[in-house]
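Asker: Protein chains in written order, with this note's numbering: chain A, 19 to 371; chain B, 19 to 371; chain C, 19 to 371; chain D, 19 to 371.
In case anyone wonders, no lab produced these hints; they're calculated from the structure. No experiment lies behind these values; they were computed from the predicted model shown. One thing to keep in mind: the hints can contain errors.
SDA-like cross-link-like pairs, simulated, lysine to any residue; straight-line CA separation at most 20 Å [to be verified]:
(1) A:K316 x B:N271
(2) D:K116 x A:G91
(3) A:K323 x B:K77
(4) A:K116 x D:E90
(5) C:K316 x D:E90
(6) A:K116 x B:E282
(7) A:K323 x B:N271
(8) A:K116 x A:H36
(9) C:K116 x B:K77
(10) C:K116 x B:G50
(11) D:K322 x C:D280
(12) A:K323 x B:P231
(13) D:K322 x C:G281
(14) C:K323 x B:K322
(15) B:K323 x A:P231
(16) C:K316 x D:P49
(17) B:K116 x A:K323
(18) C:K316 x D:N271
(19) C:K322 x C:E117
(20) A:K322 x B:K116
(21) A:K116 x D:V92
(22) B:K323 x A:R283
(23) B:K116 x C:G281
(24) C:K116 x C:D280
(25) D:K316 x D:T327
(26) D:K316 x D:E117
(27) C:K323 x D:Y284
(28) D:K323 x C:D280
(29) C:K323 x D:P231
(30) A:K116 x D:P49
(31) D:K116 x D:G334
(32) B:K77 x B:P67
(33) B:K322 x A:S299
(34) B:K316 x A:E269
Among chain D residues calculated to face chain B with C-beta under 7 Å, some are [unchecked claim]:
(35) P48
(36) I51
(37) G91
(38) V92
(39) L361
(40) R364
Note that beta-carbon positions come from the ideal geometry of N, C-alpha and C, so glycine has one too.
4 protein chains.
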Amino acid sequence: MSSTFGTLFRVSTFGESHGPGVGVLVDGVPPGITIDVADIQRELDRRRPGQSAITTQRKEADQVEIVSGVFEGVTLGTPIMMLVRNGDQRSKDYDALKEVFRPGHADYAYQEKYGVRDHRGGGRSSGRETVGRVAAGALAKAALAGVGVSIVGGTVRVGALQAHRRDWDVVESNAIRCPDAEAAAAFIALIERTRDALDSIGGVVEIVARGVPAGWGDPTMQKLDAQLGAAMLSIPATKGVEIGGGFAMCERNGSQTNDVFDGERYTSNFSGGIAGGISNSADIVVRVAVRPATSIGKPQVMAKKGGGTEVVAIEGRHDPCICPRVVPVAEAMMAITLADAWLRQRALRGREK
Amino acid sequence: MSSTFGTLFRVSTFGESHGPGVGVLVDGVPPGITIDVADIQRELDRRRPGQSAITTQRKEADQVEIVSGVFEGVTLGTPIMMLVRNGDQRSKDYDALKEVFRPGHADYAYQEKYGVRDHRGGGRSSGRETVGRVAAGALAKAALAGVGVSIVGGTVRVGALQAHRRDWDVVESNAIRCPDAEAAAAFIALIERTRDALDSIGGVVEIVARGVPAGWGDPTMQKLDAQLGAAMLSIPATKGVEIGGGFAMCERNGSQTNDVFDGERYTSNFSGGIAGGISNSADIVVRVAVRPATSIGKPQVMAKKGGGTEVVAIEGRHDPCICPRVVPVAEAMMAITLADAWLRQRALRGREK
Amino acid sequence: MSSTFGTLFRVSTFGESHGPGVGVLVDGVPPGITIDVADIQRELDRRRPGQSAITTQRKEADQVEIVSGVFEGVTLGTPIMMLVRNGDQRSKDYDALKEVFRPGHADYAYQEKYGVRDHRGGGRSSGRETVGRVAAGALAKAALAGVGVSIVGGTVRVGALQAHRRDWDVVESNAIRCPDAEAAAAFIALIERTRDALDSIGGVVEIVARGVPAGWGDPTMQKLDAQLGAAMLSIPATKGVEIGGGFAMCERNGSQTNDVFDGERYTSNFSGGIAGGISNSADIVVRVAVRPATSIGKPQVMAKKGGGTEVVAIEGRHDPCICPRVVPVAEAMMAITLADAWLRQRALRGREK
Amino acid sequence: MSSTFGTLFRVSTFGESHGPGVGVLVDGVPPGITIDVADIQRELDRRRPGQSAITTQRKEADQVEIVSGVFEGVTLGTPIMMLVRNGDQRSKDYDALKEVFRPGHADYAYQEKYGVRDHRGGGRSSGRETVGRVAAGALAKAALAGVGVSIVGGTVRVGALQAHRRDWDVVESNAIRCPDAEAAAAFIALIERTRDALDSIGGVVEIVARGVPAGWGDPTMQKLDAQLGAAMLSIPATKGVEIGGGFAMCERNGSQTNDVFDGERYTSNFSGGIAGGISNSADIVVRVAVRPATSIGKPQVMAKKGGGTEVVAIEGRHDPCICPRVVPVAEAMMAITLADAWLRQRALRGREK
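Extracted from the complex, chain A is given alone in its bound form (with noise of 0.2 Å):
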């Protein structure tokens, strides 16, 4: 099950860097359902390069077709196929690339899994592999809508800055989609400082799920916290993740971070929106820790491949810090996980939700 996420709603991407294309086959999409190519079209260009000062300047059109399960405008239910073409394919800038092994990239850890890789833009490994997963997450929003459930994200940390608001409205309004206006520009000019010194920067992006009924998730193993967390830490460069009190919670006392109910609202939300691994009608909050992109300009000592190392720059062009770029697809990974849940308590329960 290696690229496949879900079990009802069963999202598989494919396709490397700087082959013919990359996509996404989305099994489990319920039937009649209402899909606009705009609405997936408009996602994609939230995820694609170039969209601003602070983002890599590569140009990706990423037009995306649907070539199957969507018949007049209507889900099927059958194998949804998404397919975007590559192009802007400057694969020569990886030839230098092709004997040696980039620090912090999975290049070496390919090389030994499967003794052969594509090294071309990172082939499998690259980012580009997201292109699928945000074209499955527009389909999962579209379901999850009908039934009230909206997801909001954006950018809270930025090295050691913090967003002190969560005005998820002017998130589309800064290039680091950050919901606290002021922080934004504060973002940014670290950002561009780091650029500017051919470095990166990590960040850390919060998720926020509104609308989900209580009873979502399963208990054990395969708890909506699990599920979340998997789906976080499945997107390249996040090496953290946490749910509602998450990490600073450990500092607390139980009779600090017990959320008290009434029936019908909590006091506090430190469970995240999940207790014992299920839903509990508060909004799902889950936050995840964005590494500096591995990719930079600064000549770096690399590993060759047959044996000794040599001090390489990487030519190409890199994002300064990819959260921005993070945003749409951990709000995908989040809609994915929360179709699946959907469907699988609709099995449980034979009930919309």
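Starting from the known structure of chain A, arrange chains B, C and D on it as the hints suggest.
Answerer: Just chains B, C and D now, kept in the frame of chain A:
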């Protein structure tokens, strides 16, 4: 797949806290592995209540029986079922809780999900479910030992206190299972104060796998990070997980966190032993955020099943800090995840590792 | 998934013939279904040895214990584990068979697959493994009854003799479980002659599901035909399966076998209730080819583990025709398959059927 | 998992008959296998319409494109997506069928299952879905060839006529793909008469795998018989499957059908190469019952969507006997099933076979 973890090394737990028993079915264990039931029992003893003054004083013998899949001390390659009978069931303690939803607990979410629940001791949501995980983990550890992989773990933070050393040999010498003997004493003192206040406190558990060769794990949707993240977040009371540099790495630059590799060794381990979702031969390092135990002695406001709230004090014997009991469970989940990755890689390449 | 059947209604059996016990873990049973352990026991009694003069005379009480997932007689929605302790283990009977591979049996294949085996009574390859299937099938039948689906079955052929009627009410009145009382007498006489010759004989079992609405099952790779075919061919000693018109339909023309439908009823049922892999509201009709039992009293040539052959007579108590004991197992597998299809359809459409 | 087959060698088809295209996603193909696109195309050419006077005269070029997972002619170990664009879409032919349910077809079942359908050419229920299976099967055949396994197949029965020989070399020399040249002529004559009567006729296809070592497949729930049975019954228009002796074995005694083994060879093959669900080193022999094609030119009574019936003749170009086109599909499904079993055994034992 609600109670199953893993694709090839598949672990399915069963059992309610106050039903006849709890246990686990493990399918996919390779044949020919020598199993000593005493090794399984030792792991269960590390998990069970009543081990020390800082764990709950409930008495549970937790004697394991291997019902299938092992013949003359050797695995047959067939499903291994292990059963632990429940005992010391003071179900009456829970009568008062039949009609209320405890804050922080899964009571309300279960009720909404299933429409019916076994309220006694949390039923399926009880920490007793982890008995099966630990038994399965002992099998996974035995299997991994055969290919040179070992797993250690301990409590590295309680409240605001941190461990500064990683002397894994001292872990079993102190009640909190801390790899820093000095910090352990401070951890324990804090926990005792918390216990006396009828409250609980959180912490962080760290698990390390040594000897994993490069090439285990999958890229994209089933990254080893994602699998380990799911494994950890499936453990009761966990609300965060990080790999290698984790959240702290967000404040760094890529030129600092790209682990330099000379073809044999890494000068740092910000990746936590996993690059692009695949093991890179460095130690695999995972940290888990453990929330303060939701079961506390202090009176709390609880929602009533029929509406309204009341203040109730939960009778029973509680853990003031569950970190020392999470350690063997988290080790087990790490072992199960890696055993699965090992078999997947064998399938892919057709050789021992 | 070697010992698991089903996607949402998941049945995993465990246990060796002469180990401590056999049983089953059933995950995905919806909550709120009333379960009477007597119903499960009655199904197990239909499967067990020693029921009549034409079944093996081994004595196995096969008393079932529900260990988890049922509380106060109602399913919780959590995993249901059911255990049957082994008894009457005349393991000594099998000592002579430790070093030989019985013809027709799985002995050699197991040895080559696993490199190790529990030779006593066939170990995992024993028909005792079906105990767990029958117990799980009883749960599936209870679940299906709630949506109006019922399952009947019987032996419709032994040797060259055929049943000409389908009086399902008489099935439990004769030892061979034939729905044609007249044919039953002939079947039994033939089996008795075979038994007296220390030999065995094959037959055909037919299973019918009534009340399945149109729309269950999946098209393409997971057609309901395919699922039922797998279910039946997973039963020991089966070597063929056909649906509706089956093999005999090959001799017909499409103008004869295209079941004419008026929107409510079909004038024929060559499709066996399944069109394009999806139920079409007609009765689902499946027939299973049961080979002559491989365990016979006659001396046979057997390959020796170290090379060469010898002639050995297998001590023990054998079934001259296993059809009557296959009937409850095949019914169980039909029920399990349909319960899974039911839940999958609920997930797809979000309503009861 | 509705459109997916396999656990480790996973094949997922997609596409509607008259949509933009059909194809397949194959995940789990081991890295390092040399793939010649011409080999895939040759298999597709064996499946496509218009090959001979006894197949439908529709023109479909069925040109395959490998979109991912293959680099410089070698598999990468990453998902392989193969796409075939649809052409020659005479969708207008189907306008008359929008409001009726064709007898024997899946039209009504689809409508009830999904509530919406692409009526053009059967949409997803069209035989065109098998394009993806054949492409995936070509990969599986290439993988299996590397471990010495080869697969042959042919039509062995049409109507009441039987093939008496198994000259697999002559299969591609006659239009019906019969391994008995003499029988082939009779088969073809019968089919031509049937075609001229605007009708269709059924038959039996036999598939044989040679070189499978002992030990592949699983016991109990996932027996190799069960997997192959599911594989075959997932092919459109199949309504029966048998392994080795199959249904005819019912008339025999165990003393006749227990294949005698001397440690190297079997004197008979009633088991069809599988004992206890596991390969036993003999040839694997499977026969599939193919019903008369449901698409016929004769006028037929059809149920109308709004109620009532009418007599309609289906325009279009039909196959009078689909056996010759089922042969490559059934070979593909056999190859896919065995490739999966091969990888599962590698996972279990950690060695090539």
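Asker: Hints numbered earlier in the text: which of these fail when held up against the supplied structure?
Answerer: Failing hints, ascending: 3, 5, 7, 9, 14, 16, 17, 20, 23, 24, 36, 37, 38.
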